[in-house]
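Protein chains in written order, with our numbering: chain A, 1 to 309; chain B, 1 to 208.
Honestly, the hints are just simulated from the structure, not real lab data. Even for Gly, the Cβ is constructed at its ideal location relative to N, Cα and C. Hints are supplied without guarantee of correctness; some may be wrong.
Claimed, not checked - Beta-carbon label-pair distances, calculated as ranges: (1) A:166 with B:141: 54 to 60 Å; (2) A:129 with B:100: 31 to 37 Å; (3) B:84 with A:266: 24 to 30 Å.
Unchecked claim - Covered stretches of chain B, going by a simulated chain A footprint (3 or more residues, C-beta under 8 Å): (4) 12–24; (5) 109–115; (6) 135–143; (7) 146–157; (8) 160–172.
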Amino acid sequence: MLSVSNLSVTFKQYEQGLRRRQLTVITELDLDVKAGEVVAVVGASGSGKSLLAHAILGILPENATVGGTMLFQGQPLTPSRCQRLRGKAIALIPQSVGYLDPLMRVGQQVQRVAQLNGLSKPAARTAVKRTFDRYDLPPQAERCYPFQVSGGMARRVLVSTAVVSHAELIIADEPTPGLHPEVVVETLNHLRELAQEGRGVILITHDIEAALLVADRVAVFYAGTTAEIASTQDFAAGNLRHPYTQALWRSLPQNDFMPVPGNQPNPEALPVGCLFSDRCPWMTEACLPERPRLRTVRGGLVRCIHADR
Amino acid sequence: MLIGKELWFRYAAQMPWVVQDQTISVAPGEVVGLMAPSGFGKTTLAKLLAGYLIPTKGQVSVDGQPLPRRRYCPVQLVFQNPELSVNPRWRIDQILREGYPPQMHQLDALGIHEGWLTRYPHELSGGELQRIAIARTLNSQTRYLIADEMTAMLDANTQALIWRAVLDYTRSHQIGVLVVSHDWPLVRRLCDRILDLATMHHSTLVSQ
Ligand code: SF4
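Make a model of the complete structure from these sequences and hints.
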């Protein structure tokens, strides 16, 4: 359904005195999503997760230069096609109700999305009723303003906006931080259901545990590149390939709580070689001259030359 | 000792109680976890203990003294979203120098890059800015730290890095910490003692 390969995104910034800064925020990023599956995109802030979503939705800022290819249903995602598909075939479930119009009742907002997708007004009303019913939102909730709904209800309203759109690809951007565990599970279950209806779902999150609860596959991003794409089972089975993925797993509080020190490299001055080399316990001379390619190791994809050791 | 004694809070006389008769204490150097379902007023309780809100009834004291209204508060609160706690128009080094500046090696331990210091808040990622917000509280005037979902926005590696640095500091300076979180494995990992507001079973716990 979606296939992203070798994506790069660079920002040009002008500072005082017209000094130009070039920030390479995504380099050689790969991801593919099939109909009916949930792919989690996991990484630290600044790893390129949200920018990938913006690239797919065609909402990167003006000063961004995009390279590589993005195909949706086999056809290139050009800026004009992105614009046509956004909110229709490709929909975003945003992070918070902060993205909704604060002055419009939530029922009306969901209905507007349905109408934008070509439903007549009465059909859109019915779709809203049906969707609110499906997500146990009481009829009064329709008449609430965004600030009046509780955290759990807000999540369900946001999911509703994606559901009434009939989108084939749904991108959920950080839907869980700070939510109570029951609401987290409920939100993830909704994503799973959307995949079962045959849609493709991208779950963008920094939370590995949430990702493992629902995803079929997990793409781990580091400094704007795909470090590894593993199946969900690979985590608990100890079949992880990239040292960064292993570090993420080990640093969970229920595992060793043992982090690797350091930070992602500065996007103004990326190393020529492996982007993880300055923190990597396995680093050798061979890691430094060029970026490792994404390759298959033990049934998963990894960007590390020593991954099969 | 940080003590919140028989705390009640509501926004106005006609409004429902948000916090009802909660008593909570944290000793110097102790790490206490606070868990509760949404709607139990955890965040409000955190704000009462740090002097952001004044309790409708009851009082908060540190070593027997009420919290100061004007001076630097010895109880510091760090939230989930750092954007709300820094001045967006100040450069990072200005933000850090305000009040009681932290020492260089603490910035290091938190993984704060020198290059961040000359930038503005919107030029840092959420995780980077959160480290600045934390660094600001680790100074000689802070006696208690309240961490309200402090690392809920961060990846597991950064979360572990930050908590290790924070607990190193608070242990060696006998600072008491209250960890407010939904994340049970994290609370178990960090805390000497865990309180559950839903039952107010003062479950005694659990060292690693
Ligand atoms: S390529 Fe080298 S530096 Fe990069 S992750 Fe693999 S071992 Fe580490």
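Exercise. Could you work out which earlier hints the structure fails to respect and list their numbers in ascending sequence?
Key: 2, 4 and 6
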